[in-house]
Amino acid sequence: MAGPTRPPTLSRARPPPSGDEEATSTLRLGEMDNTPCLSVAECHELLSRLAEKENRSNPGGKANSDVYLKTREYVGIFARFKDSKTVTQVDVISSALLGKGERGGVTAFERAQLATLCCDTAEEARTLIPSLEGKLDDETLQGVLDDMSKLRDFN
Amino acid sequence: MFFLHELEETIPLHPSYFDKDMSVYISNELHRLVEGKNHGHFFTICVMDSFEVSEARVLPGTGMAEFTVHYRAIVWRPFRGEVCDGVVNNVLPSGFFVQVGPLLCFVSRSAIPSEIKFDGNATPPQFTDNADQVIESGTHIRIKLTGIRSEVQDMFAIATIKEDYLGPLMQ
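Top to bottom, those sequences are chains X and F.
The first sequence begins at 1 in this note's numbering and counts up by one.
The second sequence begins at 1 in this note's numbering and counts up by one.
Because the hints were derived from the structure by calculation, they are not lab data.
The structure displayed is predicted, hence computed values, not measured ones.
Cβ atoms here follow ideal geometry from the backbone N, Cα and C, with glycine treated the same way.
There could be a bad hint or two in this list.
[To be verified] Label-pair restraints from in silico Cβ distances:
no. : chain 1 : residue 1 : chain 2 : residue 2 : range
1   : X       : GLU52     : F       : PRO93     : 40 to 50 angstroms
2   : F       : GLU163    : X       : PRO59     : 16 to 26 angstroms
3   : F       : LEU7      : X       : SER48     : 55 to 65 angstroms
4   : X       : ASP138    : F       : SER23     : 50 to 60 angstroms
5   : F       : MET64     : X       : GLY76     : 38 to 48 angstroms
6   : X       : GLU139    : F       : MET170    : 23 to 33 angstroms
[Said to hold, decoys possible] Some chain F residues flagged as far from chain X (calculated, every beta-carbon gap over 10 angstroms):
no. : residue
7   : LEU4
8   : LEU92
9   : THR128
10  : ASN130
[What the hints assert, rightly or not] Listed next, the in silico DSSO-like pairs over lysine-lysine satisfying Cα-Cα at most 30 angstroms (straight line):
no. : chain 1 : residue 1 : chain 2 : residue 2
11  : X       : LYS85     : X       : LYS135
12  : X       : LYS100    : X       : LYS85
13  : X       : LYS82     : F       : LYS37
14  : X       : LYS62     : F       : LYS20
15  : X       : LYS150    : X       : LYS100
16  : F       : LYS162    : X       : LYS135
17  : X       : LYS53     : F       : LYS162
18  : F       : LYS37     : X       : LYS62
19  : F       : LYS37     : X       : LYS53
20  : F       : LYS37     : X       : LYS70
21  : X       : LYS53     : X       : LYS100
22  : F       : LYS162    : X       : LYS70
Bound-form chain X, shown alone:
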């Protein structure tokens, strides 16, 4: 029963997902650890621009998937900053936190969560994003949250 033998693979196999990825008090994002994160407002902006580009190059458009349409609807509802200038400003404000603080500093994931959830108080932000605990002091965090809420679009 000696069939053809497979040649040895030259590339290292991708490690399988461990299945214990989580975003609780410790962040374990698996393969997403070093991937750039987008807040909902940034995603809204990016998807609208891509759709615009697609419309220009191919009017009439392609058939969009169910997942795509649901996501467009979702980001339309929950994008807390709609204007592209404001989105950039919020990005600048929140990116200033990256790498700051204890325990390895604020990560891209926490930055995007802060810009998505738009908390009112530092206490609230720390409860909703438990991995922020012990990274930033109250004043710094509160300052950033206040700056972001000033830019918020309540329409």
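Please build the complex by placing chain F on the supplied structure of chain X, with the hints as guidance.
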């Protein structure tokens, strides 16, 4: 959470497409193959750009050519413990369903604070604490994911609102 993820896909192309518009065909095929698909742990929402298309490899016996395309896509991946916002789409006596982008989450009655009770006599049926918190179909709500189950081409999650700062959004 939305990510900008770099991925790789192998695209087979029929010999009738080997002409000057080949790169367009490859890009259309890439969009058709990966957009809106669930790759086990995440949903690919939209391909942003493809930045590297490999040399073609002709498959022995068929004449089809195979291209390896590296591309960047917007993906959405939920994590256990992540807080996200969603829209309630179905209310049952045993709990309610929340649509978070492409993911459907279930919040069971044990994950709802005890003062928020089911009221089946209201139209539409709702969960309410008889004050300002009303959860009915269409309510915007903030939930925390507690468990995620992946299936082929689909995902389901359970979530909770029995913690501080979770529940219907007031603004």
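Checked hints:
no., hint, verdict
1, GLU52/X <-> PRO93/F: 40 to 50 angstroms, "holds (45 angstroms)"
2, GLU163/F <-> PRO59/X: 16 to 26 angstroms, "violated (48 angstroms)"
3, LEU7/F <-> SER48/X: 55 to 65 angstroms, "violated (22 angstroms)"
4, ASP138/X <-> SER23/F: 50 to 60 angstroms, "holds (53 angstroms)"
5, MET64/F <-> GLY76/X: 38 to 48 angstroms, "holds (40 angstroms)"
6, GLU139/X <-> MET170/F: 23 to 33 angstroms, "holds (26 angstroms)"
7, LEU4, "violated (5 angstroms)"
8, LEU92, "holds (21 angstroms)"
9, THR128, "holds (22 angstroms)"
10, ASN130, "holds (25 angstroms)"
11, LYS85/X <-> LYS135/X, "holds (29 angstroms)"
12, LYS100/X <-> LYS85/X, "holds (25 angstroms)"
13, LYS82/X <-> LYS37/F, "holds (27 angstroms)"
14, LYS62/X <-> LYS20/F, "holds (22 angstroms)"
15, LYS150/X <-> LYS100/X, "holds (22 angstroms)"
16, LYS162/F <-> LYS135/X, "holds (25 angstroms)"
17, LYS53/X <-> LYS162/F, "violated (43 angstroms)"
18, LYS37/F <-> LYS62/X, "holds (16 angstroms)"
19, LYS37/F <-> LYS53/X, "holds (22 angstroms)"
20, LYS37/F <-> LYS70/X, "holds (13 angstroms)"
21, LYS53/X <-> LYS100/X, "violated (36 angstroms)"
22, LYS162/F <-> LYS70/X, "holds (26 angstroms)"
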